[in-house]
Amino acid sequence: MTSTPPDSGTDEDLLVAGRALVRSYGHSPALRGISVGTRRGEVLAITGPSGSGKSTLLLCLAGILRPDAGEVWYAGRRIDTESEAERSRLRRTRFGVLFQFGQLVPELTAAENVAMPLLLAGVKRRPALTAAGTWLDRFGVADLAGQRPTEMSGGQAQRVAMARALVTEPEVLFADEPTGALDTLAGEQVLTQLVRVTRQAGTTVLMVTHDAKVAAYADREIVIRDGMADDGAPTSALRGALGRTGAR
Amino acid sequence: MTATVQDGGADTRTMRRSTLLWLATVGGRADRTRIALTTVGAAAGVLALLAAATVASTGTDDGPYTSELLNEPGLHVGVVIALVLLCVPVLAFTGQCARIGAPARDRRLAALRLSGATPADVARVAATETGLAAALGAVLGLAVYLVGRVLLDTPVTATYGRHTELGAGSYLLEEVTGPVRRLPTDVLPPVWLIALLVAVVPAAAAVFALAALRRVATTPFGVVRRQQVRPVQVLPAALFAAGTLGMALFAGLARVTGLDEARPAIITVVFLALFLCTGVGLVLGTAAMSARAGEFLARRTGRPALLIAARRLVAAPFATSRSTAALLLVVLLAAAIQGFREHTLLAQRQGGNEFYARALDQVDLALVVAGVIAAAGLLVGTIEGVLSRRRAAAALTAAGVPRGVLGRALLLEVLVPIVPAALLATAAGILAARGVMGTTVREVVYSATGTELRVTELPVPVPWEALAVIAGGTALATAALTMVALPILRRSADPGELRTA
Ligand SMILES: Nc1ncnc2c1ncn2[C@@H]1O[C@H](COP(=O)(O)OP(=O)(O)OP(=O)(O)O)[C@@H](O)[C@H]1O
Ligand SMILES: [Mg+2]
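Protein chains in written order, with my numbering: chain C, 1 to 248; chain A, 249 to 749.
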């Protein structure tokens, strides 16, 4: 690692940061030099119109997509240049990911889905399933432990997915419209639970949403448009992160 | 269903039918691949059936040909059976191909139910599409056959064995050199038979398409698999056991029941029935076995790859048996033929008929072809499974599940059922051969004056090496084929799958 973390020395609290991120699909640019940063323990909402690059940004920050240019930092370590295997390990040990839907393995039971990250970490079957049960309980779906995702409602499946994302007690949760496929009531319930549990655990949350009500649950909101921060200044979002303290 | 309305509604019906067909094929590459491979498979199937019909129609007056298989009428049955059996993997392959991209198509069609299409409409469209593609293939196969028999009709000069019946069951066998045909291009089966074969393949394909949709309830909001069907266990096990046992004890039972006195045709039918029992039991049993093994492993393992594989086996046991059926039948047949060969070689050394051993070489070739086709079907099934599960794969990759785990899960999913099934098939095959042919060959030593000096029963050795090659080769080939699917798995886990709703 030769370069330094963004603004190192001024803010060691910055847990996840993207700097001047550029990413295109073919010839169409999705990210055009955006910078974002989030503090430890913060709940950050990323909003913006459809097609503005929110999902792309989140995937880049989570180390799932590699940006064409720019840097991604996590806890003082530059991750966008790391190998897929290294980023994969990071995701399964330190990160949790949550998508709109369809992220559970349809053939596995709820408990097995939730236990999967623990099994991958080498935890034995019995304790892994016990821990999975605890997390399902925390989201009020303990009675679904033996069910398959195809037998659940959308809201139930999202709760199971939350349990899976958090079972390893990750430092950061990346969520892309986690309530996007749910109706208002179910969405609100899921979100309340998510925020409650992550705040308890001190988990940093980066959440993409286009719902203002959802964004209201966050400590801070950044708006992106056409792959840039809202005002067109690519680094303002990062400066915002550095200039303000978390609401917590 | 409004099909009973003959007039008035006709316009809207045809429109809707065409809309449905358009929707069936609008999905792009997967749909084109499905239709193209269905066509190719049907063409190959018809070609094999026409070849079988041709050999069956070849009489003693036809020929001569370069292959003793064709010159010796007694061998025709075997050739016909081999060619018909060749159709099994071909048709299984076609069936497998007919499911490429089909779930997505079914979903699209289901969406149309909002505008009034009934489940029957949806099923009909799938059947029509497959049937039409197969019909095109059948016509293509016929065309290849008709053109081929003209193009290949040039005789070559070769030495062949000529049989002349001397009456009272004795033959004169001479070696003759002269013009011969390579294939029975001078023989044309009866027109009704040709028409029947060309018609039967598309019909079978359409029925298959309907059967595949049977358990899929298409709702307006997508395709929902109905309650998981647990595969029955007792029936396949019973069929397999009865068939294998029947063949293993064939010679003895035939003697006891007086069957060995019966006409060869009856014996053949009984044998084929037993063989069929074994094969059907094996194929159906694979589903039950993979569900069982899956259940057993899923309840115990803490290994992520094995857990995923086991749960998939539980969730879709019929997918496994569908894609491995043809391969297992080839294994069963191959093991049986190794047994026959061993027997024949020994008998031949005792002055038996040389033709049968030579014939077996050509049957070997047919087996290899069948094995390759069956393996291709398995590969198509595996790839189809990978593609249909790409969203889950992408989600797992995003969550940091290493690629190796996903790859191992795929490998285990294929190997867990096929290894025991291939072993069972090999065992059943060799038991069948030894049961029917016997485990000894009579050796007679004559004196110079022609009187029998000594009669010994020579034991026919079990061709362990060949059997190991068959069973082990199947497992290895399956593993290798799955490796071919790994890059597709890797690409299918693209995070782009997660971005879209
Ligand atoms: N795999 C892809 N191939 C081609 N273009 C893509 C791909 N992924 C994203 N894009 C394009 O990149 C841009 C940003 O996409 P992205 O999914 O990040 O937007 P988004 O803000 O998440 O939108 P939404 O709110 O609708 O989810 C869009 O213009 C989109 O069309
Ligand atoms: Mg998005």
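Quick caveat, the hints were computed from the structure, so don't treat them as lab data.
In this text, all values refer to a predicted model and were calculated from it rather than measured experimentally.
Do not take every clue at face value.
To be verified - Ranges between beta-carbon positions, derived for each pair:
#1 A/392 to C/150: 14 to 24 Å
#2 C/83 to A/731: 20 to 30 Å
#3 A/480 to C/216: 34 to 44 Å
#4 C/188 to A/384: 53 to 63 Å
#5 C/223 to A/544: 37 to 47 Å
We put the beta carbon where it would ideally sit given N, CA and C, even for glycine.
Each hint, compared with the structure:
1. A/392 to C/150: 14 to 24 Å: Check failed, 44 Å falls outside 14 to 24 Å.
2. C/83 to A/731: 20 to 30 Å: holds (22 Å)
3. A/480 to C/216: 34 to 44 Å: violated (56 Å)
4. C/188 to A/384: 53 to 63 Å: holds (55 Å)
5. C/223 to A/544: 37 to 47 Å: Hint violated: Cβ distance 53 Å, outside 37 to 47 Å.
The earlier numbered hints that this structure contradicts are 1, 3 and 5.
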